[in-house]
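Colleague: Sequence:
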Amino acid sequence: MYIPASLDGVNKKKNAAVFLKTAVYRMGGTVEILAVLAVWILIFSKRAVLGGLTREEILTYILVGNLIGAATNHLLRRIVVHDISRENLSLLMNSPASYLAKIIIRGFGRNILPFILSVAFQIFLLYFFIDDFKINSDPYYLSVIAVMLVLAFLSELLILYFLHFFVFWSVESAETYNFILRLKSILAGSYFPLVIWPAIVNISLVLPFAYSCFVPAELYLKKIGPGIGLRGICVQAIWIMILYIILKIVWIRKTDRHNIRPKEISIE
Numbered sequence: 001m002y003i004p005a006s007l008d009g010v011n012k013k014k015n016a017a018v019f020l021k022t023a024v025y026r027m028g029g030t031v032e033i034l035a036v037l038a039v040w041i042l043i044f045s046k047r048a049v050l051g052g053l054t055r056e057e058i059l060t061y062i063l064v065g066n067l068i069g070a071a072t073n074h075l076l077r078r079i080v081v082h083d084i085s086r087e088n089l090s091l092l093m094n095s096p097a098s099y100l101a102k103i104i105i106r107g108f109g110r111n112i113l114p115f116i117l118s119v120a121f122q123i124f125l126l127y128f129f130i131d132d133f134k135i136n137s138d139p140y141y142l143s144v145i146a147v148m149l150v151l152a153f154l155s156e157l158l159i160l161y162f163l164h165f166f167v168f169w170s171v172e173s174a175e176t177y178n179f180i181l182r183l184k185s186i187l188a189g190s191y192f193p194l195v196i197w198p199a200i201v202n203i204s205l206v207l208p209f210a211y212s213c214f215v216p217a218e219l220y221l222k223k224i225g226p227g228i229g230l231r232g233i234c235v236q237a238i239w240i241m242i243l244y245i246i247l248k249i250v251w252i253r254k255t256d257r258h259n260i261r262p263k264e265i266s267i268e
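Take the sequence shown: its letters are residues 1 to 268, numbered as in this note's numbering.
Just so you know, these hints were derived from the structure itself, not from any lab. Quantities reported herein were computed from a predicted structural model and do not represent experimental measurements. Some hints could be false.
As the list claims (entries may be wrong) - Restricting the straight-line Cα-Cα distance to at most 30 Å, the calculated cross-link-like pairs of lysine-lysine (DSSO-like) are: (1) Lys254 x Lys184; (2) Lys134 x Lys254; (3) Lys248 x Lys184; (4) Lys222 x Lys46; (5) Lys46 x Lys223; (6) Lys184 x Lys222; (7) Lys222 x Lys254.
To be verified - Computed beta-carbon distance windows for the label pairs: (8) Ala38 x Asn94: 45 to 51 Å; (9) Val150 x Ser95: 14 to 20 Å; (10) Ile249 x Ser143: 31 to 37 Å.
Cβ coordinates follow ideal geometry from the N, Cα and C atoms, glycine included.
Take these sequences, add in the hints, and give me the full structure.
Modeller: In structure tokens:
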């Protein structure tokens, strides 16, 4: 099929722009990880142990946890903003399987290279900072982690939709939204192992946040047993059902109130 040179040039520029935006987005997350590592290195410059953990143990946790989190959060925030702004949420409400297939294609299709580069850089950091990093090859642990990551992807997606419904339809404050995301990251254990702050461990374990970073990272490092992971999977499944039901109710009420006509989602 003949494609005019001008149109082909426009498509190439569009694809390059998408790649650049995605790369910058991923780089922002990498800079944040480096900042967190720098803070912990500074903290351990004057002490050898904190909360029963050494510097190497905490740095290993941070790097493994964020490497795991990269898979469960890849482009989700941008996808959620895109779909709400175009009223495409109806596909998620009416055909969840089709919606998930489309966002996976969008997230890991043309945007796969920045994702691979981000993961590769985090693996480089892992081997740069950790002298004796041991790879977990236990199929039982890895199977539990894999199921947990799939459910974490789903729960993170629904949580972001829930937050956008609340922020853009009620609070209308970007500062509030960003604060909530930071709080979610703290409860997920993205910045430190939750065992350092025992007061929030039990709270986090009954919420879905810890299962996107803290629990799978601890499982990979074999700090906890797979039995805790299986209980966590049950908690995740319950929260996914709760969040989906709430979103369904809110969406139905919103569409009935404003007579929003469903639109087919597009992959961009």
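Colleague: None of the hints should be skipped; say for each whether it holds.
Modeller: Against the structure, the hints come out as follows:
no.: 1; hint: Lys254 x Lys184; in the structure: 26 Å, holds
no.: 2; hint: Lys134 x Lys254; in the structure: 50 Å, violated
no.: 3; hint: Lys248 x Lys184; in the structure: 22 Å, holds
no.: 4; hint: Lys222 x Lys46; in the structure: 28 Å, holds
no.: 5; hint: Lys46 x Lys223; in the structure: 25 Å, holds
no.: 6; hint: Lys184 x Lys222; in the structure: 24 Å, holds
no.: 7; hint: Lys222 x Lys254; in the structure: 45 Å, violated
no.: 8; hint: Ala38 x Asn94: 45 to 51 Å; in the structure: 46 Å, holds
no.: 9; hint: Val150 x Ser95: 14 to 20 Å; in the structure: 19 Å, holds
no.: 10; hint: Ile249 x Ser143: 31 to 37 Å; in the structure: 34 Å, holds
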